[in-house]
Structure formats: C-alpha cells, structure tokens
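**Q** In order, the protein sequences belong to chains P and D. Count the first sequence with our numbering and you get residues 13 to 419, in order. Count the second sequence with our numbering and you get residues 13 to 419, in order.
Just to be clear, a hint being listed does not mean it is correct.
Once the Cα atoms are required to be at most 30 Å apart in a straight line, the calculated BS3-like pairs of lysine-lysine come out as [stated by the list, open to error]:
| # | chain 1 | residue 1 | chain 2 | residue 2 |
| --- | --- | --- | --- | --- |
| 1 | P | 154 | P | 29 |
| 2 | P | 179 | D | 18 |
| 3 | P | 18 | D | 215 |
Everything labelled a hint here was simulated from the structure, so no lab data went into it.
Listed below are the residues making up each chain.
There are 2 protein chains.
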Amino acid sequence: MISNLKGTFSNISNNIKRSAIREILKLTQNPEIISFAGGLPAPESFPVDNLEEIVSTMLHEEGPASLQYDATEGVIELRELLLKRYQDEGVDCSLDNLIITTASQQGLDLVGKIFINSGDTVICGLPSYLGGIGAFTSYGAKMEGIPMDEEGMSAIALEEKLEELKKIGKKPKFIYIIPDFQNPTGITMPESRRLEIIALAHKYDVLIVEDSPYREIRFEGKSQRMMYELDNDNHVITLGTFSKIFAPGFRIGWVLAPAEINDKIVIAKQSADLCTPTFVQKIAARYMTSGHFEPNLQRTIEMYHKRRDAMLEQFDLLMPEGVSWTRPEGGLFLFITLPENVDAQELFYKAVENKVAFVTGNVFYCDGSGKNTLRINFSYVNEEKSVIGVQRLAAIIKEEILSASKA
Amino acid sequence: MISNLKGTFSNISNNIKRSAIREILKLTQNPEIISFAGGLPAPESFPVDNLEEIVSTMLHEEGPASLQYDATEGVIELRELLLKRYQDEGVDCSLDNLIITTASQQGLDLVGKIFINSGDTVICGLPSYLGGIGAFTSYGAKMEGIPMDEEGMSAIALEEKLEELKKIGKKPKFIYIIPDFQNPTGITMPESRRLEIIALAHKYDVLIVEDSPYREIRFEGKSQRMMYELDNDNHVITLGTFSKIFAPGFRIGWVLAPAEINDKIVIAKQSADLCTPTFVQKIAARYMTSGHFEPNLQRTIEMYHKRRDAMLEQFDLLMPEGVSWTRPEGGLFLFITLPENVDAQELFYKAVENKVAFVTGNVFYCDGSGKNTLRINFSYVNEEKSVIGVQRLAAIIKEEILSASKA
Numbered sequence: 013m014i015s016n017l018k019g020t021f022s023n024i025s026n027n028i029k030r031s032a033i034r035e036i037l038k039l040t041q042n043p044e045i046i047s048f049a050g051g052l053p054a055p056e057s058f059p060v061d062n063l064e065e066i067v068s069t070m071l072h073e074e075g076p077a078s079l080q081y082d083a084t085e086g087v088i089e090l091r092e093l094l095l096k097r098y099q100d101e102g103v104d105c106s107l108d109n110l111i112i113t114t115a116s117q118q119g120l121d122l123v124g125k126i127f128i129n130s131g132d133t134v135i136c137g138l139p140s141y142l143g144g145i146g147a148f149t150s151y152g153a154k155m156e157g158i159p160m161d162e163e164g165m166s167a168i169a170l171e172e173k174l175e176e177l178k179k180i181g182k183k184p185k186f187i188y189i190i191p192d193f194q195n196p197t198g199i200t201m202p203e204s205r206r207l208e209i210i211a212l213a214h215k216y217d218v219l220i221v222e223d224s225p226y227r228e229i230r231f232e233g234k235s236q237r238m239m240y241e242l243d244n245d246n247h248v249i250t251l252g253t254f255s256k257i258f259a260p261g262f263r264i265g266w267v268l269a270p271a272e273i274n275d276k277i278v279i280a281k282q283s284a285d286l287c288t289p290t291f292v293q294k295i296a297a298r299y300m301t302s303g304h305f306e307p308n309l310q311r312t313i314e315m316y317h318k319r320r321d322a323m324l325e326q327f328d329l330l331m332p333e334g335v336s337w338t339r340p341e342g343g344l345f346l347f348i349t350l351p352e353n354v355d356a357q358e359l360f361y362k363a364v365e366n367k368v369a370f371v372t373g374n375v376f377y378c379d380g381s382g383k384n385t386l387r388i389n390f391s392y393v394n395e396e397k398s399v400i401g402v403q404r405l406a407a408i409i410k411e412e413i414l415s416a417s418k419a
Numbered sequence: 013m014i015s016n017l018k019g020t021f022s023n024i025s026n027n028i029k030r031s032a033i034r035e036i037l038k039l040t041q042n043p044e045i046i047s048f049a050g051g052l053p054a055p056e057s058f059p060v061d062n063l064e065e066i067v068s069t070m071l072h073e074e075g076p077a078s079l080q081y082d083a084t085e086g087v088i089e090l091r092e093l094l095l096k097r098y099q100d101e102g103v104d105c106s107l108d109n110l111i112i113t114t115a116s117q118q119g120l121d122l123v124g125k126i127f128i129n130s131g132d133t134v135i136c137g138l139p140s141y142l143g144g145i146g147a148f149t150s151y152g153a154k155m156e157g158i159p160m161d162e163e164g165m166s167a168i169a170l171e172e173k174l175e176e177l178k179k180i181g182k183k184p185k186f187i188y189i190i191p192d193f194q195n196p197t198g199i200t201m202p203e204s205r206r207l208e209i210i211a212l213a214h215k216y217d218v219l220i221v222e223d224s225p226y227r228e229i230r231f232e233g234k235s236q237r238m239m240y241e242l243d244n245d246n247h248v249i250t251l252g253t254f255s256k257i258f259a260p261g262f263r264i265g266w267v268l269a270p271a272e273i274n275d276k277i278v279i280a281k282q283s284a285d286l287c288t289p290t291f292v293q294k295i296a297a298r299y300m301t302s303g304h305f306e307p308n309l310q311r312t313i314e315m316y317h318k319r320r321d322a323m324l325e326q327f328d329l330l331m332p333e334g335v336s337w338t339r340p341e342g343g344l345f346l347f348i349t350l351p352e353n354v355d356a357q358e359l360f361y362k363a364v365e366n367k368v369a370f371v372t373g374n375v376f377y378c379d380g381s382g383k384n385t386l387r388i389n390f391s392y393v394n395e396e397k398s399v400i401g402v403q404r405l406a407a408i409i410k411e412e413i414l415s416a417s418k419a
C-alpha cells in the first residue's frame, strides 16, 4: 500500500460520512426484529406480475435499443410521459426542464456538485433527509438548520437566518425542502407556507431545492401544488422518483428545473455515469402506459393508509404520557418526540434487544440536536406485525421514561 | 431566475466540460452517415433472445427482491460471480475488494471524488479516454500527459515526469492507464511494460487506476495479466464493466481495489446513488450463470475480429502515403495518425459532408495536441458498410493531404 493512504484521500472523501441509517439497518437484519427503521416500500406494492409481459413486449418490439447506451438526459419517451403528468397538473414545463437521474439520490448529488464549493451555506429543515444532508456536506456545504412547526420549515426562522447571513455577506446556495410528507417528520407544508418561503427565496435571491419523493402517496386531505409550480421566477429545482410509486430497485428519478440549471446537471451527469440504465427506463415508460401504473399506485396508497391507521390507533392506545407524534396525511414516515430527558439512542439498543427497531431522529438534525426523537416507517411492516411492534416499542418507551424520571 | 446564476455554479461545475464526443455524435445522427465515431458495441452482440427467459424466471423466483433497494456494495450473487472469474484467473481477491458501480464511468467518477482535491496532479497517457480525463478534471485535477509508444505509456517518460514532480514537491494522486486495447489507440501494454510501470508506482509511492473495459474482447495474441494481479503491494485499483461484453444499457461496472480504498468508494457511492439498480444486477448475475454468457462473448469477439480485419484490409489498400494506423489485437478502436500538417478537425467536417464520421483524436490529449489524429471505431458498423465508409474516408484524407501540401 502507498505510504500515507489516509492523507491521500480527498477533502470530499473526508467530508462524507458513512450513512448512519445504513449502519443502523445492519443491526436490524435479524428477521425476528420488527423494523420500523428503513425507508423501504412494501414489497407487496411492486407490480411483479405486470413486469414479465412488459419486459417481454419491450424485448420483442425494441430489442437491442433497450440494451444500448442512450442519451444522458434520459430516454425520450419516459421524459415525455413524466412531462405530460406535470403538464396535466397545470405545471408549465417542457423537455428542456426535465431529465432522468439514477434515482433522486443522484439528483441530490448532482445538485450538490454543480452548486456547492467548500464552505458554502445550504439551508435545510431541522430535521431533514439524511441522504440530502450527506450529499451536500460531501461537497463541503455548511448546513444551517431551520426549526420546523406543524406546517414545515418556519418562514419566520428562515427569514431571520437569511437576514443574519446577509449581514455577514453570505448567501446560501439553496434552501433544501421536502414539502410533502417530509422525511423524517411526515409533515406537509400547506400552500400558504410554500408561498411565504418562495417569497423569501425571491427576496433574498436564493434557489430552492424541492425534494419530492412521497408526494403521490397521499391518503387524505388536498394535494398541494408543487413549489416548482407556485414559483414564477425560476427559483425552484424539483427532484422526483419512482422509488416509492413503482420500484426503488429500478433507480429512476428525475430533475425538473430551469433549463439553464438542467443543462449543467446533464453535463455533470455525463461524467457521473453517462446515462441511467436504458433497460429500466424503457420498462418504466412502458409501465406508465400499460394501464397498471395508476391502479397499482392506488392500491399502494390504500395499503399504506391502512398501515398508518393501524399504527396510529396503537399509538393512541399505548403510548405513555409525555410522548407526542405526527399524524401524516401520506408518505412513509411519522416522527415521535419523547420527553426531553429520554435519549433515543439508548432506547434504540433496548428496542433491538426487544426485537423492534426505528431510526434515532438525531441523525436527521444537521446540528446534532433531536436526541429525544425517533423516525418510524409505516410502509414496510404489515398491520399484524406493526401492532406487535408498537406494543414492544410502547413498552420500552414507558420503561425508559420511568427510569429517566428516577435518574 | 436568481440574479447571478452563472456565479452561483460551483468550481466543479465550471471545471466540467461538455463531452466533446457527445457533441460530435450529435452531428453524426443522420442515418446516411457511416459512423466510426461512437464507442458503441454492435447491437447484434446483445443477447436479446436470452433475456426474456432470464427476466421471467427471475421475477418468478425472486419477485419483489429484484425491485427493492439492495446493498450499496452491489447484489451479493453478482459480486461473487465476478470475484470467481478473477479468482479462476489466479487473481488474489475477496468480497472486500469488489463492489458494483453504475458502469465504469461511475467508477471513474468515484475514484476522482475520493482522491482528488483541486490542483492535485493525475497522470494519464497521451492520448487517454476522454470520460476518465473529464471525471478527474471535474474535481480539479491537473492532468499530466505521458507520451505513448507501441507498448503503451512510456516508462521512461513516466519516470522523468515523476522525478520532475518530486523535485517540486508534488506527488500525483494516481496514474490512469487503460492497458488493454486502449481507448483511443487500441494499443495493449505487454507484461514487461506493466511491470516497469508498477515498479515506478512502488518507487514513487503512487497509485495506479487500471481502467479495463475491453480486456475480454481479444481477437489474437496472448491475454495479458491485469496490473491488479501483477502488483503485489495494493497499488492498483481496477475498473471493469459489462458495457462491452453484455450490454451498456444495463450500466453495470465494478471496482476491484484494496479493501480500504473500496470502503471509501462505497461511502461515496451511498451519497451518489445509494445503489446500482437491483433489477439489472440480478439479471446480469443470472445471465452469467445461464450458459449464454461465454458463447455470446465468443460470438461478439469473432464479429469484431472480422470487422477489424475487413477494415484493416481496406486501410492497407486505400490509405495514402504518410498515413499510419494501429493494428489492435482486440477492443473496439484503432487510431490513425495523419501527416503533421493535416488538421483532423477540418477533415471531420468534410467527412460528415461526405457521409462518414470519426472522432478527432485531439479530444483525447489532455495537452490539446494530437491535432493530426483520428479515433476509428470498428465494432458498430458491419463489414459491408465499413468498406464503403473507409473508401469515403480514404478519399477525403487523400484530398486533404493534397490540399495541405499545396498550402
């Protein structure tokens, strides 16, 4: 080995942290553990039966073209279908605005890559999706966390932060927001808050990165217009994905952004992976027009709706005094806040001993706070198991609160 | 739009150049053009007929698991199969050394990401694969080109450069080498030269990145041992891919590297795309054990062998005095050198007018030289068309030499 390998790694490499979630997930592999930890879609939601025919038809009709390189921007028929979905919704966009990425994680990485120099400021919610924070900090971003209320990121706190930064001559590269069924809190931002934040983005001349992997998974309430649509001045970059509405194993996402920005992302993608696999893109396009996409999405939504309801019912029954949780209108996650003197990390080890798992909330706080919070996934585990899991979880939370009050 | 978008892009974004090849390829889309420009495998080489059954069986046997997230390191069965191929060849390696990437372009990007700080030196051949140079310079690498002879990168020139850099206190992050049927020259490095270069890597304490997408496509002569195998001191990182031996539209590659380095690449990959599509990885693993992989590879090799022979035959017949070219023992490319006073860029426009295309060689020279060179792909166009293409090409080269001698 070369003499000083450690010293040979780049600053970026030293900036990148091993995903805390992935490490947690390794501890929860034991099949006896009921895991609310991952962010996995339910395997029952995947359209396994439809795919055989779709792939077979594709191979017959397109043959080699489905196995060849394709454009860095993505397979044209898939881009057009996604565009049409947005246009049908009333979003003003064209092919120049939409490109395919190797799932939205690549979207986050490429956005980080084209905007962030080491030391640049990026604003996010407290808490926020770990994979977003990880991608941005890898390029040296300094994350500034903004507290959230029941409507998402606080516009008041955001303006204070923007003003504070302005006074010291700093302009954030962008504001990172997951407006629909946020990961990890499950909170959805109403239109009024979206508009307030967009107004601040205009006032302080800052971009918004709208990460939207869960938007289509709505159980109840009114669908909110995307920040991309509400903005009328090219301040918003939106990331979408098939991971929660089709199959994460296809790794297909997309970026909807002002043409000048997408052009930079395409150039960055050329050197990142040339193009997203043609084979899966063409299957996804055919799946979208197969007649199976919408009904399967509806079934998935119903399934998660039931799972959320079953979980909330148990929470209401079993959770001790002093514990609060969000009641998301959709998505995959809810968020628990324990009394301040209870440490979720200690709870985690006891939970795993008692065969139930979650992700500690603090990993989503860029300032290291949130030590008394937990993220709970309700999409993966079926209702029967979920009930048992919540019983186990509620029991150890009770114990932990009791022992914390004695300490 | 925000006020100074251009100034908002990162240094990396400003470092990344739009791929010159991709721009050239756009000019050659006209179906009447016989294109030797791309690096595309022959569509006839793709195992379209075998895939229907493989996918169908996979969906029946594995169902949802083929559509779910999988490990960042890659699908375990595929990693084990690739490892076994290397071990059967005598290479000392284990699972810690092999991870899957979203084709070898991602391998190049991640290697760049974990090693290169802005201003770091990376050494490459003159010429070298553009996508490698592009990935490294995106992270701010300063490329130092080393002249090549008929055995690849000159060890003498390499030592001179390493010594020169040492004197000014600089150590390159790595030496980038494509030892087998190099892109763009088609040159293969014999074992003696590989050993000389490895000895220099040891002496000067520098890593080697061995990019090996074509190694399996050998028409004649003796297969050379990989630099990874020849090295006995963890100085070599090797990048492999299915793009030329199965299907580029699957975007599956791999990195074979010392465990400590692969560990860093895995962490970087987590934030780049979480994992390579499970669906295509599992198909690839099944394809490798289907009994179709080796026979199809043999058919591909024979096809390209014939195409190379047909092309060389025409070259020998038609190319005017003063033009030389490589005679690769495998791979996809050969390289033409014109008289020094002939400009390949001007030739290119005339070629496209005359319905034949190539890539100008200068795009592969990190120092901007090579203006009288061309890269010719012989894998994509069949023999019949290739003969016509070479006739067109030879005719305009003749004209161009004549007009240059008059100028």
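**Q** Give a verdict on every hint.
**A** We went through each hint and held it up to the structure:
no.	hint	result
1	154/P to 29/P	holds (14 Å)
2	179/P to 18/D	holds (23 Å)
3	18/P to 215/D	holds (19 Å)
Of the numbered hints listed earlier, not one is contradicted by the structure.
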